[in-house]
Structures are given as C-alpha cells and as structure tokens.
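Asker: Sequence:
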Amino acid sequence: MGRSPCCEKGHTNKGAWTREEDERLIAYIQAHGEGCWRSLPKAAGLLRCGKSCRLRWINYLRPDVKRGNFTDEEDELIIKLHSLLGNKWSIIAARLPGRTDNDIKNHWNTHIKRKLLSRGIDPLTHRPINEQTAIHSTDKVLSTKVLREAVKTNNELTCINHSNPEGEKYPELNLELRISPPSSHPSQIVEKRDRRVTCFYCSLGLRNGKGCTSGAVEVEHLSFCA
DNA sequence: AACACCATCAACCGCGGAAAA
DNA sequence: GTTTTCCGCGGTTGATGGTGT
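So for the first sequence, my numbering puts the first residue at 905; every next one is plus one.
Simulated from the structure, these hints should not be mistaken for laboratory data.
Nothing false has been slipped in among the hints.
Calculated pairs, DSSO-like style, for lysine-lysine (alpha carbon to alpha carbon, straight line, at most 30 Å):
1. K992 with K1017
2. K955 with K918
3. K1019 with K970
4. K1009 with K992
Beta-carbon label-pair distances, calculated as ranges:
5. A947 with S1022: 44 to 54 Å
6. G972 with R1018: 14 to 24 Å
7. A920 with P1032: 40 to 50 Å
8. I962 with N991: 16 to 26 Å
9. V969 with H936: 13 to 23 Å
10. N991 with N1034: 22 to 32 Å
11. A931 with R1023: 42 to 52 Å
12. K955 with G1002: 15 to 25 Å
As the structure is a prediction and not an experimental result, all values here were calculated from the model.
Even glycine gets a Cβ: it sits at the ideal position worked out from N, Cα and C.
Please build the complete structure, drawing on both the sequences and the hints.
Answerer: Given below as structure tokens:
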C-alpha cells in the first residue's frame, strides 16, 4: 500500500550546506541528471533529505542561476507581474531567466516592497496608498490553480486594457483582467477582437512574439488563448 | 570596543495536488 | 477507490554581516 518512505529523516543534516556537500551534489547531478530527489541523497552519499537537495540545486548550484543584483528592468518586470499575478513567485520566476522563485521572493520582501512604498504605492494592491479602498489583494490576482493549468495546457494569458487598447509593452496597472469562454463561444472572441485584446504575455514582452488573438479562454480575471 | 538594531538571504516548514502502490 | 508518498510551492525563520549609537 502506498509508496515506500521518502528518506530516513533521523539521519539527515540540517542547516547551511558545506562545500563538500555542494560538490557531491553537483558531481552527482552532472553525472546522472536531475530528478528522483528521493533517491538522490543516498546515491550521492549525502546526509540530506531529497527536498533539501532539490532546493539547494535549484536555488544555488544550478549553472544557469544568475547571481548578483537585480537590474531596474528586472525590478519593474517583477512589479508588473506581481500586480497581475500576486505572490505566484514560481510563475514570475519562469519569466526571469536565471532567477529563482526564492530569489525573487526575497528580493521582493527586502527591496521592492520598500521601493513601492517610497513611491507611495501599496505593494499588496499596487494602488496609491492614499487611494486605498476596500479592495483586497486577493480580489485582483489569479488563483494558483488557474495559472498552473494555463501553463500546463500551453494556454496564454490575455489582458483587456481599456485605457490602453493599442497594447503598449507595459500597460498601466488599472488593467481590467477578465475571463472569456473557450473558442466554442465565437461571439465572445469577436467582442474581444473588436476591443483589440492584447495578449497578456506579449503586452509585457514576455513571449517570443507569436500572435495569440484567437480562441481565447478566459478564467476568472485573465484569459488564455487556446 | 561593545552592544543593539537592522537588512539580507539561505534554508526549513507545512500544505496541496499529483502520482504511485 | 483508497492510502501513502513525492514534488513543488509560498510563507516563515534564523544565521550572518553591516551599520549606528
């Protein structure tokens, strides 16, 4: 019944990783590749749980991890994405090559929050602090489930921005994000086209330039092109 | 120099969903 | 169909270094 136990939790190290542990993990993954975190520690001769190995590799040891300060461009992109997605760090990280969710989360909490506050913007709602209303951050962000599903199914996010119908690279934050039915509802698609719907990812400069104006599927606040 | 406070960030914890038995 | 574990995620903590008094 069920799977075998994950790891021998009684015999695992905790705390900061040593240089030797790092080297062992790197050597093992270079030889065998990523994956099967459960069996990795034993196979690599590490007294760590698989979860800890995964975290260490993904956040610090992976060769494509970008270290060092965030650029202003990265900051602005994070702010824009956060205003639309909320604390969906992994989804935001997927749009910043070389940055990890943990990295972005830390950077948000230590730098960007303060940056926004100094501009008089609430980091939760992305609205001017003196205009705060009963709007809650959760009112305007997508559920994790919806977003992950969109990514899984290769759908795209589309935003409808009445104030900016031409779709500038970074639309203003008063986006009206909405959900439309799937392509089986052509009238909705025509309506979207008439309103010059701008692809969410394209509008942020996040995609590779493919058009995505047809077959939109809108769920909750954002729409996804089929 | 010693101490307190603050900022940063690596790492852990707990949870939910997916997958395996 | 149920139970158990794995995986990935977001929230939080704690160690460390820097700065101010």
